[in-house]
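J.: Chains A and B are the protein sequences, given in the same order.
FYI, the working numbering numbers position 283 of the first sequence as 283, with every residue one higher than the one before it.
FYI, the working numbering numbers position 249 of the second sequence as 249, with every residue one higher than the one before it.
Hints are computed from structural coordinates only; laboratory data are not their basis.
If you're wondering where the values come from, they're calculated on a predicted model, not measured in any experiment.
Every residue, glycine too, gets a C-beta built ideally from N, C-alpha and C.
Hints are not guaranteed to be accurate.
Said to hold, decoys possible - Only part of the chain B face toward chain A is listed, based on derived beta-carbon distances under 10 Å:
(1) P66
(2) E137
(3) I141
(4) M281
As the list claims (entries may be wrong) - Each computed PhoX-like pair below joins lysine-lysine, with the alpha-carbon atoms no more than 25 Å apart:
(5) A/K329 x B/K228
(6) A/K213 x B/K161
(7) A/K217 x B/K163
(8) A/K117 x B/K91
(9) B/K278 x A/K335
(10) B/K161 x A/K137
As the list claims (entries may be wrong) - Under 10 Å between C-beta atoms, here's a sample of chain B residues computed to sit facing chain A:
(11) T97
(12) D125
(13) D127
(14) Q143
(15) G166
(16) E172
(17) V177
(18) I246
(19) R248
(20) Y259
(21) E262
(22) N270
(23) L284
(24) I285
(25) D291
(26) L294
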Amino acid sequence: MSNLTNDVWVFIEQRDGRPAEVSFELLSKGRKLADSMSSLLKAVVIGDDVQTIAADTFRFGADEAVVVSHPQLKHYRTIPYSRILNSLVEERMPRIVLFGASVIGRDLAPRIASHTKSGLTADCTNLKVSDISYLGKEYKNLLLQIRPAFGGNIIATIITPDVHTQMATVREGVMEMHPLSHPHDVKITEVAYQPDGLDDLVTIVEQHRVESKVNLKSAPIIVAGGYGLGTRENFKLIHELAHVLGAEVGGSRAAVDAGFISHERQVGQTGVTVRPKLYFAIGISGAIQHRAGMQESKKIIAINTDADAPIFDVAHYGIVGDAADVIPKFIEAYKSKLK
Amino acid sequence: MHNSIVLVKQVPDTSNISGQVMKEDGTVNRSKLPAIFNFEDKVALEFALQIKDRTGGKVTAITMGPPRASDILRECLYMGADDAYLITDRKFAGADTLATSYVLSEAVKKIGSFDFVFAGRQAIDGDTAQVGPQTAEKLGIPQITYAEEILDLEKECVRVKRKIDGGFEIVESKLPVLITVLKDAADPRPLSAKRLMAYKGAKSLLELEKLVEGNPLLYIDKLMYEYKNRSLFIPTLTADDLQIDISRCGIKGSPTKVYEVESVVLAGSNPMRFENSKNGMSQLIDILLEDRILG
Chain A
1 MSNLTNDVWV
11 FIEQRDGRPA
21 EVSFELLSKG
31 RKLADSMSSL
41 LKAVVIGDDV
51 QTIAADTFRF
61 GADEAVVVSH
71 PQLKHYRTIP
81 YSRILNSLVE
91 ERMPRIVLFG
101 ASVIGRDLAP
111 RIASHTKSGL
121 TADCTNLKVS
131 DISYLGKEYK
141 NLLLQIRPAF
151 GGNIIATIIT
161 PDVHTQMATV
171 REGVMEMHPL
181 SHPHDVKITE
191 VAYQPDGLDD
201 LVTIVEQHRV
211 ESKVNLKSAP
221 IIVAGGYGLG
231 TRENFKLIHE
241 LAHVLGAEVG
251 GSRAAVDAGF
261 ISHERQVGQT
271 GVTVRPKLYF
281 AIGISGAIQH
291 RAGMQESKKI
301 IAINTDADAP
311 IFDVAHYGIV
321 GDAADVIPKF
331 IEAYKSKLK
Chain B
1 MHNSIVLVKQ
11 VPDTSNISGQ
21 VMKEDGTVNR
31 SKLPAIFNFE
41 DKVALEFALQ
51 IKDRTGGKVT
61 AITMGPPRAS
71 DILRECLYMG
81 ADDAYLITDR
91 KFAGADTLAT
101 SYVLSEAVKK
111 IGSFDFVFAG
121 RQAIDGDTAQ
131 VGPQTAEKLG
141 IPQITYAEEI
151 LDLEKECVRV
161 KRKIDGGFEI
171 VESKLPVLIT
181 VLKDAADPRP
191 LSAKRLMAYK
201 GAKSLLELEK
211 LVEGNPLLYI
221 DKLMYEYKNR
231 SLFIPTLTAD
241 DLQIDISRCG
251 IKGSPTKVYE
261 VESVVLAGSN
271 PMRFENSKNG
281 MSQLIDILLE
291 DRILG
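Chain A on its own, in the form it takes in the complex (with noise of 0.2 Å):
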């Protein structure tokens, strides 16, 4: 096939007309990809008047932005997004498709990849592009897929090399966002929507979407607490601690899956990844779908019971003793240093 290129490519998502700031993310990601093989980044946006969204995607690296606009593209509806980006792909061929681990790109992915056969791999905590020596075969531009797996002792690193298109989901947070002093030229592509009587298999009755007003990723510190709290009346102690110092909540996966606290504040590879200035590990032992959402962060305490915990690994300071005994102290003791 001639029509094989090296273009890397980021699915724009956009809810009620605005983007997503993964998708955003994965455009920065997306640049260094396209420049370590010399080839073009472009943006497919989706959607009902899109084209402020498509000239925004010049500013996070985007050489070119497919866009494919209709009243009836407003929402995302999975069977003609679907539709759009798989003759899409199978017409330009792109190198490498990105997506959100949203709900709307966990939903648009897999489906894609399975149309196109191509490789897709969920969640990745790092994407790197390089040349590969697999089972005796040399491999150009294969996409390192590298994400942790199986409970958290390993790293995995997944490669598709016998597909031309590589695609992966990664969560909100992971890749950071850098916007360009020099924005690209704008360059917009628009595609016409074909209706198809298949699109409206499925329809929207209605939608309701609030805000969030939790935003972890902007928090300059984050008091977090794990599974070892025990108790959830334990756990308040986390908010009373993260009260005092003006902080957010967070948790760790388990912690949410014992209903301590609430998804939207999980931190880890299938929760939000942070950088903070101050992170607070309590009661957290550190798997590493944990570390993968906050190792970043510039200084780290990490306060738990057991002494060998993985988690004191990547803390820069720590205590070891019970969360119900170390908390109150600490309170105690900054409360009497602003006095």
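Let chain A serve as the given structure and place chain B on it in line with the hints.
T.: Below, chain B alone, put in the same frame as chain A:
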């Protein structure tokens, strides 16, 4: 009346993992781990059973996995499934989500007429949430992922509440449709004691073959006939039964390959330790204040 097919999976209990379970090629040695019923798939089965309670019809559970996955099929029967199929073949081993969805979609087609395919949103061993949508794509039917509740159900369409980023939406879909459900969407019903007594002896072909191996008085054909008559036979579908393209199954049919596996060796930064005492805290806070991390 609505017929449902439920995709279920036996998963390694990922909360109990030790280093020895990883094979050299980076795949997982599942036989070394305790195996459990993926919880969200149980919720999916509950959804299907509720539809049966509402309008009648049949609920069929299917799983692709090694022979011991029959365990969760028996659980499906205890909960209320009418039929359960084991999809198993050495050729299916090592499948990624694409190859898995291919086999599952072919099995669904083989089993036949359905209004719903249900599955858990994701399985705890990979957390990818890809098999549901990929199976729907291969069946050429719409999908509703992240379902929280079935609202209305008519002969040819269904209304579902589903989670979206930052809220929820209500969608209406024509049938047939594939629906993936969230963990909290329903409480799986307890196993029925009556059904447990009735089905605890249910066996797949492979399990019957094992019985025969140890007993010269048993003949496999006769045994199968008896088990079928007593509705205790768990049918098995192999690659041959499904007449599918082997190059799209198992490791061969999986575009994703594990290139490298690193056990996690931590940089081993030794944290500065503080005593669990008022004095210890005070020292720590002084450092944080000095570095302008706090205050």
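J.: Verify the interface restraint on B/L284: the C-beta must sit less than 10 Å from at least one C-beta of chain A.
T.: Result: holds, 6 Å to nearest chain A Cβ.
J.: With a cut-off of 25 Å on the C-alpha distance, tell me whether B/K278 and A/K335 pass.
T.: This hinted pair holds, its Cα atoms lying about 12 Å apart.
J.: Does B/Y259 meet its interface restraint, that is, does its C-beta lie within less than 10 Å of any C-beta in chain A?
T.: Constraint on B/Y259 satisfied, holds at 4 Å.
J.: Does B/M281 hold up as a contact with chain A if the rule is Cβ-Cβ below 10 Å?
T.: Holds, because the Cβ-Cβ distance from B/M281 to chain A comes to roughly 4 Å (cut-off 10 Å).
J.: Against chain A, with CB atoms and a cut of 10 Å, does the hint on B/D291 hold up?
T.: OK, holds: B/D291 within 10 Å of chain A, min 7 Å.
J.: Under 10 Å is the threshold here; is the Cβ of B/E262 close enough to any Cβ of chain A for the hint to stand?
T.: It holds, given that the least Cβ distance between B/E262 and chain A is near 5 Å, below 10 Å.
J.: Holds or violated: is there a CB of chain A closer than 10 Å to the CB of B/I246?
T.: Violated, because the Cβ-Cβ distance from B/I246 to chain A comes to roughly 15 Å (cut-off 10 Å).
J.: Was the hint right that B/G166 lines chain A, CB cutoff 10 Å?
T.: Status holds, d = 5 Å.
J.: Verify the interface restraint on B/L294: the C-beta must sit less than 10 Å from at least one C-beta of chain A.
T.: Result: holds, 7 Å to nearest chain A Cβ.
J.: Tell me if the interface restraint on B/E172 is satisfied: Cβ within less than 10 Å of some Cβ in chain A.
T.: Because about 5 Å separates B/E172 from the closest Cβ in chain A, which is inside the 10 Å limit, the hint holds.
J.: Would the hint on B/R248 be counted as holding, given a Cβ-Cβ threshold of 10 Å to chain A?
T.: holds (9 Å)
J.: Quick one, is the B/E137 hint okay against chain A at 10 Å, beta carbons?
T.: At about 4 Å, which falls below the 10 Å cut-off, the nearest Cβ of chain A leaves the hint on B/E137 intact, so it holds.
Of the numbered hints stated above, those contradicted by the structure are hints 1, 5, 10 and 18, listed in ascending order.
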